[in-house]
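Please work from the sequences and hints to get the whole structure.
There are 2 protein chains.
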Amino acid sequence: MTLPDRAAIETMDAQDPLRALRDAFILSPDEVYLDGNSLGVPTHAAQEELMRAARDEWGGELIRSWNTAGWFDLPVELGDRIGTLIGAAPGQVVVADTTSVNVYKVLHSAMGLRPGRNVIVAESGSFPTDLYIAEGVVSTLPGAQLRLEGVDGPTIEDMLTPDVAAVLVNHVNYKTGELRDMAALTARIHEAGAIAVWDLCHSAGALPVELDAAGVDFAVGCTYKYLNGGPGSPAFVYAAHRHLGQARQPLSGWWGHARPFAFETGYEGDGGIRRFQCGTQPILSMRALKGALAVWDGVDMGELRAKSVALADLFIQLVEARCAGFGLALESPREGARRGSQVSFRHDHAWQVMQALISRGVIGDFRAPSTLRFGFTPLYLRYVDVLRAVEVLEEVLKSESWKDPRFAVQAAVT
Amino acid sequence: MTLPDRAAIETMDAQDPLRALRDAFILSPDEVYLDGNSLGVPTHAAQEELMRAARDEWGGELIRSWNTAGWFDLPVELGDRIGTLIGAAPGQVVVADTTSVNVYKVLHSAMGLRPGRNVIVAESGSFPTDLYIAEGVVSTLPGAQLRLEGVDGPTIEDMLTPDVAAVLVNHVNYKTGELRDMAALTARIHEAGAIAVWDLCHSAGALPVELDAAGVDFAVGCTYKYLNGGPGSPAFVYAAHRHLGQARQPLSGWWGHARPFAFETGYEGDGGIRRFQCGTQPILSMRALKGALAVWDGVDMGELRAKSVALADLFIQLVEARCAGFGLALESPREGARRGSQVSFRHDHAWQVMQALISRGVIGDFRAPSTLRFGFTPLYLRYVDVLRAVEVLEEVLKSESWKDPRFAVQAAVT
Numbered sequence: 001m002t003l004p005d006r007a008a009i010e011t012m013d014a015q016d017p018l019r020a021l022r023d024a025f026i027l028s029p030d031e032v033y034l035d036g037n038s039l040g041v042p043t044h045a046a047q048e049e050l051m052r053a054a055r056d057e058w059g060g061e062l063i064r065s066w067n068t069a070g071w072f073d074l075p076v077e078l079g080d081r082i083g084t085l086i087g088a089a090p091g092q093v094v095v096a097d098t099t100s101v102n103v104y105k106v107l108h109s110a111m112g113l114r115p116g117r118n119v120i121v122a123e124s125g126s127f128p129t130d131l132y133i134a135e136g137v138v139s140t141l142p143g144a145q146l147r148l149e150g151v152d153g154p155t156i157e158d159m160l161t162p163d164v165a166a167v168l169v170n171h172v173n174y175k176t177g178e179l180r181d182m183a184a185l186t187a188r189i190h191e192a193g194a195i196a197v198w199d200l201c202h203s204a205g206a207l208p209v210e211l212d213a214a215g216v217d218f219a220v221g222c223t224y225k226y227l228n229g230g231p232g233s234p235a236f237v238y239a240a241h242r243h244l245g246q247a248r249q250p251l252s253g254w255w256g257h258a259r260p261f262a263f264e265t266g267y268e269g270d271g272g273i274r275r276f277q278c279g280t281q282p283i284l285s286m287r288a289l290k291g292a293l294a295v296w297d298g299v300d301m302g303e304l305r306a307k308s309v310a311l312a313d314l315f316i317q318l319v320e321a322r323c324a325g326f327g328l329a330l331e332s333p334r335e336g337a338r339r340g341s342q343v344s345f346r347h348d349h350a351w352q353v354m355q356a357l358i359s360r361g362v363i364g365d366f367r368a369p370s371t372l373r374f375g376f377t378p379l380y381l382r383y384v385d386v387l388r389a390v391e392v393l394e395e396v397l398k399s400e401s402w403k404d405p406r407f408a409v410q411a412a413v414t
Numbered sequence: 001m002t003l004p005d006r007a008a009i010e011t012m013d014a015q016d017p018l019r020a021l022r023d024a025f026i027l028s029p030d031e032v033y034l035d036g037n038s039l040g041v042p043t044h045a046a047q048e049e050l051m052r053a054a055r056d057e058w059g060g061e062l063i064r065s066w067n068t069a070g071w072f073d074l075p076v077e078l079g080d081r082i083g084t085l086i087g088a089a090p091g092q093v094v095v096a097d098t099t100s101v102n103v104y105k106v107l108h109s110a111m112g113l114r115p116g117r118n119v120i121v122a123e124s125g126s127f128p129t130d131l132y133i134a135e136g137v138v139s140t141l142p143g144a145q146l147r148l149e150g151v152d153g154p155t156i157e158d159m160l161t162p163d164v165a166a167v168l169v170n171h172v173n174y175k176t177g178e179l180r181d182m183a184a185l186t187a188r189i190h191e192a193g194a195i196a197v198w199d200l201c202h203s204a205g206a207l208p209v210e211l212d213a214a215g216v217d218f219a220v221g222c223t224y225k226y227l228n229g230g231p232g233s234p235a236f237v238y239a240a241h242r243h244l245g246q247a248r249q250p251l252s253g254w255w256g257h258a259r260p261f262a263f264e265t266g267y268e269g270d271g272g273i274r275r276f277q278c279g280t281q282p283i284l285s286m287r288a289l290k291g292a293l294a295v296w297d298g299v300d301m302g303e304l305r306a307k308s309v310a311l312a313d314l315f316i317q318l319v320e321a322r323c324a325g326f327g328l329a330l331e332s333p334r335e336g337a338r339r340g341s342q343v344s345f346r347h348d349h350a351w352q353v354m355q356a357l358i359s360r361g362v363i364g365d366f367r368a369p370s371t372l373r374f375g376f377t378p379l380y381l382r383y384v385d386v387l388r389a390v391e392v393l394e395e396v397l398k399s400e401s402w403k404d405p406r407f408a409v410q411a412a413v414t
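Quick mapping for you: the protein sequence lines, in order, are chains Y and B.
The first sequence: position 235 = 235 (our numbering), numbered continuously.
The second sequence: position 34 = 34 (our numbering), numbered continuously.
This list has only true hints and no planted wrong ones.
FRET-style restraints, in silico, Cβ to Cβ:
(1) B:P90 <-> Y:T265: 35 to 45 Å
(2) B:V299 <-> Y:H190: 57 to 67 Å
(3) Y:A306 <-> B:R22: 53 to 63 Å
(4) Y:E10 <-> B:G70: 36 to 46 Å
(5) Y:D73 <-> B:R346: 29 to 39 Å
Here are a few chain Y residues that face chain B, going by a calculated C-beta distance under 8 Å:
(6) S38
(7) W58
(8) G230
(9) P231
(10) H257
(11) F261
(12) P282
Don't read these hints as lab results, they were simulated from the structure.
Computed from a predicted structure; not experimentally measured.
C-beta: ideal position from N, C-alpha, C; glycine also.
Here is the structure:
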């Protein structure tokens, strides 16, 4: 396969059906932002919606906005909007709390639905908070155990013993970008009698997700990566229709009550997805998310996926051609179909190399101990941005500018 | 006691040592806002801080702002700031999640600290989410029970049997405004060998709170009422120094880990207050809160309390003098020392009366089934606002304008 030159790459941009969407985002012309898988870029609409909520509603109607501006129903309104991006029919998704808190809710729900079983299976390569929360759930349930793929068994498929109640899987691995086959693994989990819980943090908004079609039981995900909701914007939780009214979760706060404003003394959970709510949500952050979600109107998820794979394929091809011999090793699946919307390379000095890239306007991120991670967000990235990123990476490696002493000290927050 | 006339009331404003603080707030000149105990009013500083976070940081530095703008440390920075308002030395308060979620964390912690005991005591008159969450905690602990003051015993003091592990008390009752004696009740709870957990939702920022001095074990509170953080701004949680490193809570997400960015497989909780964090926080909402807290610099909590009591005393005096015979009955303690910063009156048609008040620019709220609730926020209310509110209430009751059919239908969200 011949290496495309600049002209060929510019043609790819000219033919990109999603190219007009870039204008919706607030982007620096001097930078290539390959970290939308960590914090998405704001749209103009997100900023405007936030201003409206802060100035006109909070600063105007004040308390009345809970009714007049629809604040109280935002979690289900935005949940249904996200539902259209992850293959969930209305009434099964709610925006609430954090991914970690939502993992707690759904793992407890799953354990409750399988009373004779006491094991949660998860991945040792999971984003750690999923494991930490699973530990927390296990700590509250006498006899419960957490078993990890890659530690207690080679693969999840090998670990589906009759004592397994729930399996918690990351749809896309946060570090390598490896994509799991959701439909096939969910079917295997169900054959074994267990509940399938999927973490969509690195797939929602990055590629087509079909929760209903795959028969998934529960899912969680974040909204500040590919959904561009803003720093720490509230997470979402999905519960399949068949579990609503059945599933119980112990974070039984007033927003999950069947009649929250009746101020009753005893808890009676809502019969629908609202039961997965707990307390009052951060409305300003939620409204930025509402504005951010508008960009998805009319986006074809098939076109999104095709562009995502093409951007990442181009990146891999150019890096391997132009940066050979400098110690980079691909950590992500080479095959686009097995990959999310990110590409990782291992390097012995990954921290320093990434700092050198960032100082030159190519923004990716570092994951300990030695991963350079690059996210490809099809809504706002161009093929020429990929070329620019590789040119800078080549320059950093060839000039050894990453050895600059100012890149030596690793920050606490990465 | 003679009824003060308008001139006397204007003199009270002229002599108010806090009067200049009103300029920090964005208030409508046509309204009297007596609902700061439900949703506080924005300050100019809060709006500016929010803009800075949204435009310059999210929209500028993007992912780098986690370090450069101090996003990651906001929860402890703001926690310590709130600590100065509630009598907590640094390192014991963190801003995180919602009040409901924080109640869950601290009740689990309390139960874990008293392994031979299995009862949680709470108040039947508590804000309901506290009870719902206590039910949730009890549901995950075999043999645990929830007992309610006013149902299972007349008062908390009578219920402190040797099986009680934790007592959850509201410092100020959300409906009546009744203020509990924190130091005395905490001492009684400790004598009985139990853990004292205080809900400060209606006292933080409303009156002096002395958690350390009272020997409180854990506390929670919200930031969108008297702290003016904005709709649904994140809540706070307090854990006394002596419990840090000892207390365990099962919402063990990555922000509570001793080394969150090491991405370790196993959970090891932070040794300090960060252990009460769970997942990634809503930074935009948190930054509005940061801006809001600036107004407290230099505020004397004694002056705040004196004004709060004086405002409410004036309200009660004027209402009882001018609105006698229209079916209002005081639901709050008459004695200022036993009251928070709010006054409630019972009325058979409380919903309609409140709607009529709101339509005339006097904003209070309704609590089912028959409570008119008025909050008095000393930072921005004037004595003439109290007079205006009573004049309008008198007019609504005398003219029976609350019988207008448009006030007949009660909204779902109140």
